[in-house]
Amino acid sequence: MFGSLLLLSSQNATAIATFNSNSALTLTIDSISNNTNPGNLENLLISGGYQFSFQDSEEFSSGAIQSSFNYSGSNIDTNASSLVGNSSLQQSFSAGGSASNGAFDSYYQAYGTLAFENTSLTDSYSIQATLNYDLSADASGDFVSNTVSLVTFDDFGSLTFDNFFEVTADTFSPGGDQLSDSMTYNFILNPLEANTLYSDVAITASLEATPVTAPLPAANWFMLTGLAFLWKRRNIKPADFQTRKSIH
Amino acid sequence: MRNMLQKLTLLTGLTLSLSIQAHGPLPMPLKNVPLPPLPPELLAGPDPIIVNQEKAVQLGKALFWDIAVGSDGQACASCHFHAGADIRHKNQLYPGQNETFDMTASSSTGGTNYTLERSDFPFHQRQSPFDKNSSVTFNSDDITGSAGSFGGQYQESSRFTGHDDLCNRDPDPEFQNNNIGTRRVTNRNAPSVINAVFNHRNFWDGRANNTFNGSSIWGDRDPDAGVWVKINGRKVEKQRLALINSSLASQALAPPLNDTEMTCSQRTFMDIGRKLLSRRPLAEQKVHPEDSVLGTLAFSSTDNLLPGLNTTYRDLIKQAFNKKYWSYTRRGPFGQPANGGLAYEQMEANFSMFFGLAIQMYESTLISDDSPFDNATFDPNTGLPTSLGASVERGARAFEEVHCNICHSGPAFTSNAILTNAQMLENDTLAFGPNADPTGVGVNGMAINRNVVNYDNTNSGGSRFLDTGFANTGVQDPNNDPGLAGLDEFGYPLSFADQYAEYLAGTANAIVDIHAGITDIKTCQFQSPLASTQYVPPFITDSGFFREPDIISDPNGNDNCFFFMTQNAYIPTQEAAARELANPNSTTMKFATQAAFKVPTLRNIELTGPYMHNGSMATLEEVVEFYARGGNFPNEFQHEFIFSNGLIAGQDDSTIQRRADLIAFLKSLTDERVRYERAPFDHPELIIPHGHDIESPNPLDGSLAADQLMVLPAVGSTGRSTPIPTFEQVLAQ
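Residue numbers (the working numbering), protein chains in the order written: chain E, 1 to 248; chain F, 249 to 981.
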């Protein structure tokens with residue numbers, strides 16, 4: 001072990017593992033129509049927003065780690081008659097990190113909900129919404145895995161809106177992955193019915209890195225990193241990022 | 249039955265020829281034999297568990313051979329690499345019941361890191377090898393098992409590289425050499441995984457449950473078992489899973505969590521999943537470009553063998569399994585590693601299910617149905633092979649005459665293939681020979697029988713309950729290893745027979761294996777009557793049985809009765825059963841499960857030595873001698889067909905020839921594809937620990953001995969150029 005430490009002290013290069021993830025969502029209410037009393041949108045309530053979850057997110061690290069993330073998400077809370085033109089929720093979520101020595105595990109969770117409530121006793125509404133999404137994951141270095149996942153579903157259990165998308169970048173596909181597309185969903189709310197559209201994003205990343213020295217036998221190399229595995233949970237604070245709330 | 253035949257001889261006054269004593273199902277080829285039916289929800293229907301069977305098989309083969317699965321270089325294949333079994337002969341001894349390594353038969357000290365020699369076998373020797381009453385000249389309760397893990401306490405493992413886990417390691421007090429730790433050795437011989445798909449249950453004691461629950465080996469017995477199913481993006485539920493005829497999946501979950509076989513202690517399947525998911529499969533092991541399953545994923549070319557597959561375990565799981573088992577992105581309900589770290593994700597939480605089912609899918613392809621016996625022509629009148637040469641043909645006849653066929657029955661050569669053997673008769677009433685009586689009557693009667701419990705005669709203990717496909721043959725002291733009579737980790741008996749008896753007695757919650765079919769048992773199909781309305785000749789049973797008024801009709805009916813004896817379609821009343829179960833001197837409610845072990849297949853037996861659950865016999869000759877003398881340790885649980893058999897016990901020319909013929913027949917069951925490791929028996933490279941250099945430290949820890957390694961080269965679908973050796977040949981090297 002002492003001999004190995006001497007090797008470390010003579011190093012002049014490090015192996016760095018990095019990841020970058022991005023997610024951009026726009027959920028647009030394309031159209032709302034009253035099937036019973038055309039033009040009357042007063043009894044349809046709409047609320048929702050995109051929100052980062054501190055409670056459900058985690059980071060664990062050991063060694064020399066740098067990480068950062070940015071999040072912004074918008075909210076809506078109104079009745080449909082107040083919505084003019086294209087009404088949408090937007091989310092922008094990015095995370096990145098690097099490790100030059102040690103290991104890093106992270107999981108970030110953001111939630112998106114758009115709830116429709118028909119308070120009318122007689123009227124039904126037809127609603128169309130479109131979700132545009134742009135997911136990307138990038139990674140570099142020897143030992144890295146980075147995933148961005150998007151899950152959509154609604155209370156009605158619609159197969160159209162029940163989707164799972166994922167982009168991955170890792171040691172074996174470091175060039176990254178990207179997915180941009182959209183989905184349009186139509187549904188009808190009968191009197192006193194409610195439906196919520198969910199669009200949740202999760203970013204997961206794992207990094208392992210060690211200083212580059214003269215080549216070590218694999219077993220010894222792992223012993224060094226193994227000793228570095230003293231997991232420390234990094235507390236994610238609201239002050240660490242920016243959240244923007246607005247009504248569009 | 250032996251008593252029956254003897255008494256029949258006396259009654260009739262006739263001298264029965266030895267050939268007439270032969271009876272029961274004839275050996276049959278394995279070609280086109282039905283597999284035990286899988287549950288429909290596994291592969292079929294609108295929402296199957298496995299959505300791509302090919303990918304599941306690829307995943308299973310990779311996991312089976314990958315040394316990264318274990319904590320210190322052990323793969324499943326490390327103990328199942330040679331014709332599906334283990335042929336290593338250094339550091340393979342377990343000290344046995346007396347917890348002390350015995351001197352070997354060759355007068356060596358044995359013990360850890362010992363290299364077995366031919367003269368160390370068999371572990372039980374008599375003055376006269378064919379006379380069980382002759383004096384014992386040598387006996388060791390040591391076991392030829394399989395070297396596994398160093399053990400230790402699990403701490404952490406990399407997600408990306410290095411096959412060893414980080415563990416706190418110390419020399420094992422039992423497996424050490426001058427306080428230098430050696431790899432631990434299992435307490436039973438590794439059976440072959442080839443054709444194991446036909447076994448109703450697996451492990452020697454049957455504890456690998458026929459029903460797979462997704463997270464443990466215990467089937468319906470485990471109250472905490474279940475798999476996590478995504479309901480929607482924000483809701484996941486733990487649901488019970490019960491996949492019948494999936495014992496291979498159950499079995500696969502045990503060794504990776506066993507700190508003798510493969511792992512450091514306190515490692516979970518979620519930890520294994522975390523270790524493997526981001527990795528390339530077989531990252532340190534070369535894969536042949538013509539591997540029959542993995543070749544399309546290999547990086548290798550014909551003249552350049554390279555390690556690893558061009559995918560990750562995560563991707564294979566996503567391709568193979570329904571996304572409701574892995575696409576839930578939230579964390580929290582699945583728990584967290586004991587030593588800290590990120591909460592588990594759904595794919596890690598369900599990794600045990602993916603692992604078990606993938607291994608099962610792969611092992612289900614390992615069927616050796618292309619032996620000379622399988623390709624033989626058969627006499628339509630006798631049902632015996634006619635194209636394998638005179639010695640093999642005589643051996644096939646001897647196989648029946650000596651009653652090997654009673655336990656080693658059916659095309660898989662084991663009565664443990666309960667469903668396959670029954671299915672064959674449903675498809676063809678003469679499936680087991682032209683003389684088989686389709687009505688089920690008579691000694692050659694082969695009625696369709698799905699009973700998982702039998703009531704049969706023992707040598708000296710009368711009629712007793714015993715699980716179908718298991719037998720006590722008297723290999724060792726029955727107190728050394730309880731076998732089927734053991735208990736699971738919840739305190740329940742492993743055997744179906746115990747559950748059935750308690751069920752008859754009206755014990756609440758008696759049945760823990762609720763999908764095993766224990767309540768469907770037909771008593772009139774028992775070899776001995778349990779309950780009867782009429783007189784039963786003493787040559788049928790010399791044991792007691794329930795009579796009126798202690799009996800009621802068997803609610804499961806009276807079809808396909810053994811010997812057409814519908815008068816035996818009765819069960820005891822609950823009161824009578826409970827009374828006898830509590831009676832230590834009962835002649836009816838008794839069990840033959842103590843030291844009973846699963847009847848192994850005889851296919852490829854030439855290649856899968858050493859033999860028996862304790863690996864105490866090195867050659868087929870020693871095995872035949874064992875049966876000829878009627879076992880090593882006569883006991884009350886021993887099956888009635890284990891007796892001194894004059895047909896093969898003796899030193900006259902004809903008896904010697906008959907033993908040789910029997911062995912020749914057994915060797916005709918060797919599939920040449922197994923011998924030459926041709927597809928589907930081809931495989932990736934495997935680096936196997938085979939003993940130690942005690943003088944050198946192991947990189948894992950200075951208190952452990954360095955491994956000596958045996959490298960099994962990667963083999964493609966066309967196999968190897970030289971045959972794999974027998975255990976006897978290895979000992980002679």
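Simulated from the structure, these hints should not be mistaken for laboratory data. One or more hints might be untrue.
Below are the SDA-like pairs computed for lysine to any residue, each with C-alpha atoms no more than 25 Å apart in a straight line [said to hold, decoys possible]:
#1 LYS571(F) x THR196(E)
#2 LYS566(F) x ASN552(F)
#3 LYS571(F) x PHE165(E)
#4 LYS486(F) x TYR198(E)
#5 LYS566(F) x LEU121(E)
Given the hint that LYS571(F) pairs with PHE165(E), does the C-alpha gap stay at or below 25 Å? Holds: LYS571(F) and PHE165(E) sit about 11 Å apart, inside 25 Å.
Is LYS486(F) within 25 Å of TYR198(E), Cα to Cα? holds, 22 Å
Does THR196(E) lie within 25 Å of LYS571(F) when you go C-alpha to C-alpha? Holds, at about 22 Å.
Straight-line alpha-carbon gap LYS566(F) to LEU121(E), limit 25 Å: violated, 45 Å
Sort out whether ASN552(F) lies within 25 Å of LYS566(F), counting only the CA atoms. Given pair LYS566(F), ASN552(F) is violated - Cα atoms ~30 Å apart, limit 25 Å.
In this structure, the hints that do not hold are numbers 2, 5, in rising order.
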